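**Q** Given next are the chains, with one letter for each unit.
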Amino acid sequence: MSRYTKGVSKKKGLKPGSLIHVGNSTGKKTEIHIIDYKDDYFEEKDVHSIDECLKYRDTDNMTWININGLEDIDLYEKVGKYFGVHSLIMEDILNTNQRPKIEEFEKYIFIVLKMIYFREDKLVVEQVSIICMENLIITFQEEGKDGDVFGNLRDRIRNTKSKIRKTGVGYLTYALIDSIVDNYFVILEKVEDKIENFEESLMTTATNNLFNEVYNLKRQMIFLWKAVWPLREIINTLQRGEVEIIGSDISIYFKDVYDHTVQVIDTIELFRDMIAGLLDTYLSSASNKMNEIMKFLTIFSTIFIPLSFLVGVYGMNFDYMPELKFRYGYAVLWVIMISLSAFMLMYFRKKKWL
Amino acid sequence: MSRYTKGVSKKKGLKPGSLIHVGNSTGKKTEIHIIDYKDDYFEEKDVHSIDECLKYRDTDNMTWININGLEDIDLYEKVGKYFGVHSLIMEDILNTNQRPKIEEFEKYIFIVLKMIYFREDKLVVEQVSIICMENLIITFQEEGKDGDVFGNLRDRIRNTKSKIRKTGVGYLTYALIDSIVDNYFVILEKVEDKIENFEESLMTTATNNLFNEVYNLKRQMIFLWKAVWPLREIINTLQRGEVEIIGSDISIYFKDVYDHTVQVIDTIELFRDMIAGLLDTYLSSASNKMNEIMKFLTIFSTIFIPLSFLVGVYGMNFDYMPELKFRYGYAVLWVIMISLSAFMLMYFRKKKWL
Amino acid sequence: MSRYTKGVSKKKGLKPGSLIHVGNSTGKKTEIHIIDYKDDYFEEKDVHSIDECLKYRDTDNMTWININGLEDIDLYEKVGKYFGVHSLIMEDILNTNQRPKIEEFEKYIFIVLKMIYFREDKLVVEQVSIICMENLIITFQEEGKDGDVFGNLRDRIRNTKSKIRKTGVGYLTYALIDSIVDNYFVILEKVEDKIENFEESLMTTATNNLFNEVYNLKRQMIFLWKAVWPLREIINTLQRGEVEIIGSDISIYFKDVYDHTVQVIDTIELFRDMIAGLLDTYLSSASNKMNEIMKFLTIFSTIFIPLSFLVGVYGMNFDYMPELKFRYGYAVLWVIMISLSAFMLMYFRKKKWL
Amino acid sequence: MSRYTKGVSKKKGLKPGSLIHVGNSTGKKTEIHIIDYKDDYFEEKDVHSIDECLKYRDTDNMTWININGLEDIDLYEKVGKYFGVHSLIMEDILNTNQRPKIEEFEKYIFIVLKMIYFREDKLVVEQVSIICMENLIITFQEEGKDGDVFGNLRDRIRNTKSKIRKTGVGYLTYALIDSIVDNYFVILEKVEDKIENFEESLMTTATNNLFNEVYNLKRQMIFLWKAVWPLREIINTLQRGEVEIIGSDISIYFKDVYDHTVQVIDTIELFRDMIAGLLDTYLSSASNKMNEIMKFLTIFSTIFIPLSFLVGVYGMNFDYMPELKFRYGYAVLWVIMISLSAFMLMYFRKKKWL
Amino acid sequence: MSRYTKGVSKKKGLKPGSLIHVGNSTGKKTEIHIIDYKDDYFEEKDVHSIDECLKYRDTDNMTWININGLEDIDLYEKVGKYFGVHSLIMEDILNTNQRPKIEEFEKYIFIVLKMIYFREDKLVVEQVSIICMENLIITFQEEGKDGDVFGNLRDRIRNTKSKIRKTGVGYLTYALIDSIVDNYFVILEKVEDKIENFEESLMTTATNNLFNEVYNLKRQMIFLWKAVWPLREIINTLQRGEVEIIGSDISIYFKDVYDHTVQVIDTIELFRDMIAGLLDTYLSSASNKMNEIMKFLTIFSTIFIPLSFLVGVYGMNFDYMPELKFRYGYAVLWVIMISLSAFMLMYFRKKKWL
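Protein sequences appear in the order of chains B, F, W, Y and A. Residue numbers for the first sequence follow the numbering used here, beginning at 1 and rising by one. Residue numbers for the second sequence follow the numbering used here, beginning at 1 and rising by one. Residue numbers for the third sequence follow the numbering used here, beginning at 1 and rising by one. Residue numbers for the fourth sequence follow the numbering used here, beginning at 1 and rising by one. Residue numbers for the fifth sequence follow the numbering used here, beginning at 1 and rising by one.
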C-alpha cells in the first residue's frame, strides 16, 4: 500500500493556492478527452492542449472534459483561469490526499471522490475530482488507466437513445458518481472471495504468514471505509435538491445511489466484523494447535518417566539386590513396565486428556 | 450462510433502472396469489399472469397481490408499467441485497423488509418488498415457501368478522409488518435454545469445534441485527401518521409493533453480550483445562526427578562406594525414595498445587 | 436466571390485541386489593372479582386498585372493558417481556416498570404495570409476593396526616415509582457486597468456579441495566409537567426520583467497570499462579539435569576410567554435585527467577 | 476506598423529604462558621447554634455560612425552615451519594460538588453542597478537615482590598467552585507522580502486587471522573448568565473555571489511557520475563539430553561393546560431548534463541 | 515527554487573574519582534521593551507583534494594560496547559493553538497564543526557537507583491493558523516513517524494547490528537464568518485550512489504528517465536526419551538378560534406536508439527 502522507510536507510554507502536485508520480503524459453532446448531436475527441477545450465552455451543448494525470502544473493553472475555478480548488484537485467532499460555489460545484481497484493484490485508491458547471463537467483522474470505471458511461452517451442524451448536468453528475459506487461492489466481491479463502485456509493451517495477510486485509478495509464513508454526506447534499446546478428533478436517482452507498458501507462494516472474527479464529486455532502438540509430547514423556526410573533402579550396583538374582526378574520387569504404560494411557484417556 | 455480495457486480455498467435479478437463484416458477376483499366480499385465487391482476387495480375493494419469485424479468417490467412504479423501485425489488427501508411517493409507498428463518440450522434471510397504494398492496417474496409467515394473516382475512375486513390499506400494511416481526421472536427463541445448549456443553467439553459453532452464532446475530435495526426507523415513519396512504388513525398499532421491534433489538443485543460471554468462558475454560493437565504432568515428572538421580548415583562404578556394600543399602534406599516422594506430595498439596 | 424470550412465540399469528399471558406461570390465584381514600376518608379491602371495583371508578375519592397475577385472562378482558383501556395496552400488561415505557392517552397514561429482587441468589425481574386515570390508579404485578415494595407506601396512605392523603393521582404515581427506585438501592447494596466478597476471594484462590460466578454477576448487571436505563426517559416525561393527568405542580418530586434513577444508573455502570476489573484480576491472578508453579518446577528439574548427567558419566563401563579408581572419587563427586547445585541456586536467585 | 452505596437502603420506605444522614459517620460535632462582609465591613465567628445565623439572613451584607458535619438532623431541619429550603433539597444535602448537580429555584440555587483529596494514599471524596441566595451563601461539608480547600478563599475575603469584597453572591459562588476545581489539579499532580513511579517500577520488576496497585489507581480514576464530569454542565449553566441570582456580568470568570474543568477532564482521560497502557506493559513485561526464564531453562536441559543419552549408552552391560575396550574411549567420549554441547549452543545462538 | 500537569498546583489559592507562568522554564530571555506593514510600506525590528510596541497600537498599518518566552511577568502585565486584554486571558497565555480554544470579545479575539515538533525523537508541544485586534495581531510563543513555523510566513510578508500585504487581520490570522497546520503534516510524515521502520523491525525481531517504543509512539499519538482535535471547532468558528474582526470574505481560506485539519485528524486516527495493529502483530509474533522454540525443544527431547529408556534397560544388572549375551546385541540396539528416531521424526512431520 502506498504511503498515507504522500509528500504533503512539500507544501509547507507555500502560499495558499500555490499549485503543486502532491501524490505518487506516474510519469505518464497528461491526456485530455472531450465528449460534447446534446439530444441530436455527438462529438468525441482527444485533444492535446487545454486551449482546445475553451470553445466548448460557452455553448449550449452538454460537454464532458476528462483530464488524466495531475502533473502538468501549467495546464492546471490554465484550467483555473479559463473556467473561473478558485486557486484553492485547483490546489485541492492536485493534492491526492483529499478526503471525499463536496463544495458549492456560485458558478460551479466541486466534488472529490475516490476510485478504488486492486492492482496485483494491492488496493489502489485513485482520486477523482469533478467540477460541475452549467452545461459543462470536468473530471480529473490520477492515472486514467485503460478501461476505467467510466467506460460504460461513455458507451451510454454514445447511444443516441439513452436517457443521458436528453438530460443535463445533474444526470451526468449522477451517472459519474453511480459508476464509481457500482465499482465498489466489484471490490467488495473480491474482498469477500479473499475472506472465504482465508476461512478455508485457517481450517487447515494457521501460519504466521496468514496472520499477516489477514491483518493486511483488515487495514485495506479501514482504507476503503475512509474512502466511502464521507460519500454518504456528499450524495445526501446532492439529493436534497438544494444544489442549484444539479436541480431537484433527479432526486430519486441520487436517492438510489445513496442507498447503494449505504449498502457498501454496511458491507464494509460486516467485512470488518468478519475479519476481526478471522483474527480471533486464527489466534484460537494457533493456540489450540500448540496446546495439542505440547499435550501430546508431555503425555508421551510422562509415560516414560516411571519406566526410566525402574530401569535405573535395576542398574544400581548394590551388593545385595535380590531381584537381580531371580530367574525371571528381567521378564517380570518387562511385564510390569508394559502394564504400567497401559494403565497410564487408560488413566489419561479416562481423564479426556487424549 | 450465503454470500453477502450476491452477484452485485453483475449490475456494473448497466443504466439505472435496468431490471436484473441480483441474488440466489431458486429455479422455481414465479407464483401470483390474489386476495380481493371488502367488508362483505371475499375472493382468493392463484393466477398465472400479471395481466389478470390488472382488473383489480381500480376497484374499490381492498386487494392484496402476493408475488413469489424474483426471476421473471418480463413480469416485473409489466408490474412497473401497470401499477405506475418507478423503474428504480422495480430494480430495488429485484436486488435482494437491499437493506430494510421505506420510500414515499405520491401514489404509493415502497417498503423493503427481511423475513428470517432457519433452514437446516442455517439462518436464511429472504427479502420481502411491499408496495402500498390506495386500496392495493403488492408483496414480493424471494421463495414464498409453503407455510410462510403470512399464513395466519390470510386466515384472518378469510374470516368475515375480523377487524382486517373492515379496515383499509394502513391496517393491512401493519398486519404484514407485524407478521414478520412476530416471526423474529420464533427465531430468537431458537437462538436462545442454542445459547443454552452451548452453555451446558462448555461446562463439560471445550473443543475447538464448539468454538467455531459459537463463532458462527455470533455472526448470525450480526446478520439478524442488520435485518432488524433499520426496521425501527421504518415503523417510526409509519407511526408518526405523516404517510398519507397509511393515515394516522392506526398509529397505536404501529406503536405496538414498534415496541416489539425495540424488544427484538434489545434481545439481539443481549444475545450478543451472552455469546461474547460464551466465547470468553470457552477461552478461560480451555486454558484452565490445559493448565490443569500441564500442572499434573509437570508435578508427576518433578517427583521422579530426584528419584532417578538417586538410582543413577548407585549405578555408578566407583571402586570405593561404601553404601553399596551395606547389607540393607538397597532396602534403605527404597525407604528414602518413598519418603521423599511422600514429602514432595505433601509439600505440593500444602502449596495448593494439587 | 429465567429465559429472556419467555414463550413469546406463542403469540405468533394471533390478531393484535388478543389477550394471552406471556411469561413464567406461577399457578397462584389472582388477587385484587383496593385502597380508596381522600383527605378524611379511608377504606381498604381485598375483593375477589373485578366487578366489585367498578363502583370506585366514578367516585371523587382517590382509588388504588392493585392486581396480583397475570394469568386470569377473563379478568383482564373485563378490566379493559370497564376502565376503557385499549386492548393493545391490555396485551402489553400481560406480556412480561415489555421494556419499561410510558404511553399517554386521552383518558389515562400507561407505565411499565421492572421491580427487581434477589430470590435465592438469583436476580428476579417482575413487571409492574401502572394505569393512571383521573382519581384512579390500577397497578398490575406478576406475583405480588408478601411484603412487596409497596408495603411502606400503603402504611403511609393509612396514616391520616400524610401528604399523600391530601394530594391526587400525580403524587401517588410518584410514590409508586419512588418505591420501586428506592428498592433498586437495596439490590445495589447486595451486589456491592458480592463484589467485595469476590475481591477478597480472588486474593486467596482463583478457581474456575469463581470465574463463572463473577461472569454470572456481570450478566445480572446487564439485566439490571436494561430494567433501569429506560426509566430515565419515563420519569423525564413525567417531570416535564406536560402529562395532563399528572400535572406540573409535583415536578420537584419527579426531579428527585429522576436524580435517584441517574444515581442507580451511575452505580450500575461503576459496578460493571468493577466486575470487568474482577475478571481481569482473576485472569491475571490465575496466570500468575500457573506461572509460579511452572517456574518452580522447571527450576527444580533444571538443577537435577547436570547432576543426573554426572552420575550417568560414572555409571559408564569403560575399561579405562581413571576417576573410578581414585580413593575419594565418590566423595569428591558428591562435593562437586552439591557445589554445582548451590551455584545454580545462587545464579537463579541473582537473576530474580526465584 | 469507601463503599459506593453507603447505606442508601436505610432510606427505603421513608416518605420523601425525610431528613436522614446517608454516608460515612465521622462522629465529629457539627461546626458552624460565619463570615459576614461588605465593602468596608468584615465579621467572622464560630457559632454553636443555627439560630445565631438567623440574624444574618435579611441584612444587606454578604454572608457566608459554612456548616461542617452532616449528622445533626435537628440542625438541618432548622436550616430548611429558617432559610426556606425545600425538604427534598435538605434531604439531598444529607445524602452524600449525590452526583454533582445544579438546581434552580425562585429564591435560591442549589449546587452539589465533590471535593477530593488523598488521605493515606486513599482517594477520599467529600460532598460539598452550596445554597446561594440573594446576599447569602450556605456551604455544607462532610468533615471540614483543618486546612480545607476554602482556606485561601477566606484569606482573600479578610483582605479589605480584594475584588471579592466589592462583588456579590455570583463572584463568591465562582470563588468557591474555583477553589474546588483548583484543588483537583493538586490531586492530578499526585496521580501523575504515581503513574511515573509505576512506570519506573515496571521497568525493573513486574510483581502481581504492582498489578493490583495499578488496578487500584485505575479505579480511582473512574471515581475522579464521576466527580468531575458533571461539573462541566453545572458551570456551563452558570456561565450562560441565565441564572438570575448569579447574573451574567461575571460570565468570563465562569468561562475560565469551565476551561479548567475541561482541562481536568482531559487530563483524567489522558491518565486513564496511560494507566491502561501501564497494565498492558505490565502484562507484556510479565509474560516476557516468564518466557525468558522458560526459554533459558528449556535450552539448558535440551543441551544435556543427548549427553545423558550418550553416557547411558556406555553404561550398558552388553558383552560385546568394542568402544568400552578402547584405551582412549573415555577421553574421546568427553571430547565428543563437549563438541556436541558447543555445536548446540552455536546453533541456538544462530537461531537467535539465546 | 514532559509532564502533563506542569506545576499547575502552583496556582492553587491565588486570586483569579494572577499572572504566573505555568509550564517548563527555559531560562531564555523574552524576545519581542515587530512587523509593521501595509500595501506599500514595510518595517521590521526587534525591540527590548513592550513600551516600544505601544506606538503601533493605534496606527492604520497592519502590525504583527511576536513575543517569545512566557516568563517575564512584568512584561505580560503591561501587555494586558496597554492593549486592553482581560487579566484572565493574560493568565491563560502564561498557562501552557491550555487546550486549543477560541474566545471572542468586543475588541479582540483570543486563540490558543499548539505547535508541535520533534526534538531528539521526543514530541514537543509548544503553546502559541494569538490576540487578534483591529489592525494588530500579537502572538505569544513559549520558546520561539530559531526557524520556527512562522519563518515562511514572514518571508511572504516581506514580499511587496504578496496577497498578504493587501489584506487585513483576517488573512494574517488565517496565515498563522495555516502555518501551524501545515507543520502538522511534517510531523505526520515523520511518524509514518517511524511506523514503517517498526513494521520492518517486527518482521525480524520482536524484542521487549521495540514494544516499549511502539507504546511510546502510541502515547505520542494521543498527545497529537489532543492538540489537533479542538482545532476543528476553532477553525469552524472562524469560517462561519460570524467573528466580526475576521470578517466573512476569506471564508474560503478558512474552509481550506479546515479541510487540512480534518485530514490531519483522519491521518492521526489511521496511525492510531496502525499502531494498535503493530502492537497486535508484535504480541502475535513474540508468542509465535516462543511457541516455535518450545515446540522444537520439546520435540527434540521427546525423541531422546525412548532412546534413553532403552539404554537404561540394557544398563540393568539382572543375572539373566539374554540380549546382553548376543554377539550383535549392541549393534542391533543401535539399529533399533536409529530406526525409532527416524520413525518419530516422520510421524511428527506428518502431523505437521515440524
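Some hints here could point you the wrong way.
If several chains are the same, the list does not tell them apart, and a pair holds so long as it fits within one copy or across any two.
List time: in silico EDC-like cross-link candidates among lysine to aspartate or glutamate, alpha-carbon distance up to 20 Å [as the list claims (entries may be wrong)]:
(1) Lys351 x Glu200
(2) Lys15 x Asp39
(3) Lys161 x Asp193
(4) Lys55 x Asp74
(5) Lys352 x Asp36
If you're looking for bench data, these hints aren't it; they were derived computationally from the structure. None of these values were measured; they are calculated from a predicted model.
**Q** Are any of the numbered hints broken by this structure? If so, which, sorted upward?
**A** Violated: hints 3, 5.
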